[in-house]
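Residue numbers (the working numbering), protein chains in the order written: chain V, 1 to 90; chain L, 1 to 265; chain C, 1 to 75.
Take the hints with a grain of salt, since some may be wrong.
Stated by the list, open to error - Lysine-lysine pairs mimicking PhoX-like chemistry, simulated, CA-CA at most 25 Å apart:
(1) V/2 <-> V/80
(2) L/247 <-> V/72
(3) V/82 <-> L/18
(4) V/83 <-> L/244
(5) V/80 <-> V/25
(6) V/90 <-> V/80
(7) V/90 <-> L/18
(8) V/80 <-> L/177
(9) L/188 <-> L/177
(10) L/258 <-> V/57
(11) V/57 <-> L/255
(12) L/203 <-> L/157
(13) V/72 <-> L/68
(14) L/177 <-> C/32
(15) V/3 <-> V/57
Note that these hints are calculated values from the structure, not bench results.
Residues per chain, in single letters:
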Amino acid sequence: MKKTGNEMEFELEGEGHTFCNVLRKELLNDPNVEYAAYRIDHPLVGVPVFYVRTKGKDPIEALIDATNRIRKSTEEFMEKFKKAVSEYRK
Amino acid sequence: MEVKLLEYDDNHVRFVLKGSNPAFANALRRIMIAEVPTLAIDEVVFLENTSILFDEIIAHRLALIPLKVDPEFIDAARHEPSKYEVRFYLDVEAKDSPLVVYSGDLKTDDPHVRPVSDLIPIVKLIPGQKLVLEAYARIGIGRDHAKWSPVSACAYKYMPIINIDHSRCSLCGNCVKYCPRQVLSMEKDRVVIKDPLACTLCKYCETVCPNDAIRVRGDDTTFIFNVESTGSLPPDFIVLEAAKILKEKCETFLKLLKEIREEHT
Amino acid sequence: MIIPVRCFTCGSLIGDKWEEFMRRVSQGEDPKKVLDDMGIKRYCCRRMLLSHVEIIDEILRLEEARRKVSEKYRR
């Protein structure tokens with residue numbers, strides 16, 4: 001992991017496109033984030049390397065906020081899905 | 001965000017997810033395919049095999065048999081997958097006439113686990129041939145081997161948006177005639193969209209329209225999900241479990257981030 | 001050789017459907033109707049049954065023949 005001011009680069013071991021892509025997308029929804037991207041060097045053995053650059057906000061805070069937003073929408077989805085299933089069963 | 005179920009039965013569920021984004025839909029899909037755990041035969045010990053199939057082939061066939069498990073068991077076992085192991089045994093001999101060995105011949109001590117179907121042929125034996133083996137089923141995920149994937153078909157598509165410009169439409173009927181999914185129909189003096197959910201966004205109607213009056217686009221905030229289970233787990237459980245796993249991923253990542261934040265201050 | 005347990009492409013279970021499919025088709029039913037009836041809707045799964053050639057019975061006959069020959073030579 002490397003961090004300098006408003007830039008941050010880190011490896012996300014044990015993860016792939018599944019989580020990195022939602023994270024990237026969610027980071028870009030933050031107006032304080034200038035740039036967010038990741039790369040996976042090898043499709044089978046590569047470890048994703050994530051890069052975030054903000055417009056002054058601490059990148060860790062930006063990541064925490066983005067992850068919280070994903071968690072919230074996942075919770076919302078679970079709730080809505082459960083409701084939809086019970087409605088369908090009626 | 002809105003969720004609406006379209007179809008739901010024992011092994012498949014079709015639902016519309018509204019007000020989301022492709023990244024989220026894709027994460028869910030990927031987790032359902034590769035990260036929701038199930039039980040599958042992982043190790044086979046052959047005591048006797050005089051059948052005409054090699055040990056490896058039989059082991060492979062056994063591994064592919066979907067095993068019906070109690071969803072709660074999977075949910076509990078997810079965090080310590082190595083703790084769970086279910087033993088199966090098979091002891092068949094053809095005596096006087098040829099016989100087929102079926103998945104139903106697999107016996108187990110665990111009453112909560114059984115093959116999805118008892119009618120899957122494993123091998124055929126002629127008189128004198130014998131198959132005796134012990135198999136161990138373990139918990140795993142689709143990323144390691146497809147046998148552990150709980151879904152067969154699992155995909156989503158964008159909600160189709162079909163726009164018909166009635167001022168340009170000459171009522172030639174081409175779009176109605178050529179649509180492979182019969183999405184459109186002709187009613188008196190206009191073309192109407194009969195079944196928008198069936199549209200696969202192939203845009204053939206655009207191609208055959210001489211007046212450029214029809215436009216088909218996908219709405220990338222609304223998705224039609226189709227999840228088909230192999231039978232090992234109920235389809236709605238698979239979807240919920242995938243969401244749960246995504247949530248846990250967020251929580252683990254948050255924990256790591258907070259640790260890093262501590263270090264930096 | 002013997003019917004695969006799952007569809008090669010999508011992974012849905014088809015092994016248990018072979019015997020019913022074969023029985024009904026050999027009784028003169030239309031394969032298309034049988035497949036629709038059994039709920040096999042995707043063409044990946046349909047081809048698994050339609051294009052399958054069950055040769056295990058022939059291999060078993062060869063095995064029987066081989067066994068007889070080897071018994072004869074043993075004597």
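Hinted pair residue 57 of chain V and residue 255 of chain L, Cα distance within 25 Å: 20 Å, holds
Restraint status (C-alpha distance of residue 90 of chain V to residue 80 of chain V at most 25 Å): Satisfied, since the Cα-Cα distance of roughly 16 Å is no more than 25 Å.
Restraint status (C-alpha distance of residue 90 of chain V to residue 18 of chain L at most 25 Å): Since the Cα atoms of residue 90 of chain V and residue 18 of chain L sit roughly 22 Å apart, the hinted pair holds (cutoff 25 Å).
Restraint status (C-alpha distance of residue 247 of chain L to residue 72 of chain V at most 25 Å): 8 Å, holds
25 Å Cα cutoff - pair residue 188 of chain L, residue 177 of chain L: 15 Å, holds
Straight-line alpha-carbon gap residue 177 of chain L to residue 32 of chain C, limit 25 Å: Cα-Cα ~24 Å, so holds.
Residue 83 of chain V paired with residue 244 of chain L [C-alpha distance capped at 25 Å]: At roughly 16 Å apart (the allowed maximum being 25 Å), residue 244 of chain L and residue 83 of chain V satisfy the hint.
Proposed proximity, residue 157 of chain L with residue 203 of chain L (alpha carbon, max 25 Å): Answer holds: residue 203 of chain L to residue 157 of chain L is near 14 Å, not above 25 Å.
Straight-line alpha-carbon gap residue 82 of chain V to residue 18 of chain L, limit 25 Å: Status holds; Cα separation ~15 Å.
Pair hint residue 258 of chain L and residue 57 of chain V, alpha-carbon separation not exceeding 25 Å: 16 Å, holds
Hint consistency between residue 80 of chain V and residue 25 of chain V [alpha-carbon to alpha-carbon, up to 25 Å]: 22 Å, holds
Proposed proximity, residue 177 of chain L with residue 80 of chain V (alpha carbon, max 25 Å): 38 Å, violated
In summary, the numbered hints that this structure violates are 1, 8, 13.
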